[in-house]
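Colleague: Chains as they are written, first to last, in my numbering: chain A, 209 to 374; chain B, 604 to 1020.
Honestly, the hints are just simulated from the structure, not real lab data. Using N, Cα and C, we set each Cβ at its ideal position, and we do this for glycine too. It is possible that part of the hints are untrue.
[Said to hold, decoys possible] Listing some non-contacts, in silico: residues in chain B with all C-beta distances to chain A over 10 Å:
id, residue
1, Leu695
2, Val702
3, Val871
[To be verified] To give an idea of the interface, some chain B residues facing chain A are shown, with a C-beta separation under 8 Å as derived from the structure:
id, residue
4, Thr605
5, Arg678
6, Ala724
7, Asp725
8, Thr744
9, Asp791
10, Lys826
Listed below are the residues making up each chain.
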Amino acid sequence: MSGVYEGRAWVFGDHVSTDQILPGAYLDRPMEEVGTYAMAGLDPTFRSRVQPGDIVVAGVNFGCGSSREAAVMALKQAGVAAVVARSFGRIFFRNAINNGFPAAIVADTRAIRAGDRLRLDIPSRALVHLRTGETTPLLNLTGTSLEILEAGGIVPFTLRRLGAAR
Amino acid sequence: MTAMTLTEKIIARAAGRDAVRPGDEVWAAVDLAAMHDSSGPRRIAGILEQFGGRLWDPQKIVLAIDHFAPAANQRHAEIVKLTRDWARARALPQFFDSVGVMHNLLLEEGLAHPGTLVVGADSHTVTAGAAGALAVGVGATELATVLVTGQIWLRVPPTVRIHFEGPLPDYLTARDMAMEVLRRLRADFAIYKAVEFTGPAVEGLELDERAVLANQAIEMGAKNGIVPPSGAVLERLGPAARAQGRPLAGDESAAYDDEHRIAMASVVPLVAVPPNVDNVVPVTALAGLELDRVYIGSCVGGKAADLRAAARVLRGRQARVPLQITPATRRVVEEALRDGTLETLLASGAIVQAPGCGACAGLHSGLLGPRERCLGTVTRNFPGRMGDPSAELYLASPLTAAASAVTGRITDPREFL
Ligand code: SF4
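Could you put together the complete structure from these sequences and hints?
Modeller: Pasting the structure below:
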């Protein structure tokens, strides 16, 4: 099942910034603790209600703004399995991939409702909306970014790359 | 030979290729890697250990303590101390300890050179595009791998050109130019793209003002913002910076993804209304809205040019609401002291704080309380950015900020110029 994620959707809108995903007030915390504050700037109840394996769904420009990697780590630590959006803030996307956290782009997410079950199938390059049965192709996760994601992040990827060069 | 934009030329050079095209993926050699106390040693020390702790080239690494200084509490103080100890243990040659914001230091100290590839662990690393560098932001973990290998993978972005026609009127600053772009094209028009700023209004800008355009490219979603160096700025960047055949301009016939022309005569002083940077309206649409306070600071709005602009409005006038100023760097304070700007600001009742990020990232030095309404020259107005999520943070030029401080309400600077 590697690269396949099935879970319940949490739906957010456009332009969700990393200031909302992990507010500056928690930037001074150790990285291991940031999961406690996931989405604190947007939905303070998120953290207590999110289930391991859930999938965050958003509109355009998800993760815009600050480069804080803690935004990705907060979602990951809270148990979120993947993020699906119409587009990402570029640095958030790289941070996600660099930490082995899938961030998939599809053309439209507007038919997805909170609580819908989704299957993100990276090997098949598809997002399956299990409520409607609709399948949407993934528009990213190719080339180097896919290699880094499959390696589990930029650190294992770079260790391997350096090993190969040696 | 393939015609290339400036961004494409810089990537081709860094990748050791004759030419690249948008969409190509390359491994590129980094010329300068920068980080700060928030994204730096506290986040990367453990990762570097996994690689044996060796740095690729300490001469090409910049570290600045800017986010958590002056420390507001023990947690901040520990981060500052950890950062300083890490830099000292490695005798890092380019270490800036609580003297200003990393992005401004890269330009001020002449560390970001035209035609080079700069990578920094902060989204506003794009600011160094003001010097004609290709400057991109990354997260801390990726920066750690750059510190080990000196390399980064890049997908060559398509370039969008924004051409500003006509001279810049004296009631506008580069911040209004950037906000006009956001107003017309919105905050996601440049996702995964490069934005190149050209035209007569740009050529006339000093480095500080070019930095505003490059800085705000990230709010347009861009991978990088770049201003081809020209005129006095090119002179200032110096002969050393122009060495080694580094590209300074794109080819005349280069293909742009898109081009937009903006006539400066059609632009008015603007304000970005919370909660988004592209929620931009003319200042006249909000004129009279009462403010609790005014904040001038950050890497985009706390430079010497910003303080001088504010002083133009504040000369001989008094601020009616608290006016807090956080200079971007220590040198900004020195310059403001030398040319009389500081005296004017202080005489108006402004409070001048320690240089650095100040309240911009919501960490210390004047956070906003619930429903507090502030107009600031900072980078972003996202909910909770500078304090409580219910606070209202309006963004504007330093001229508009100063005019608004004088009346205590959002005010068109043309009333005072
Ligand atoms: S001044 Fe603000 S935007 Fe600039 S680097 Fe500091 S926190 Fe970030």
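Colleague: Check the structure against each numbered hint from earlier and tell me which ones fail, lowest number first.
Modeller: 4
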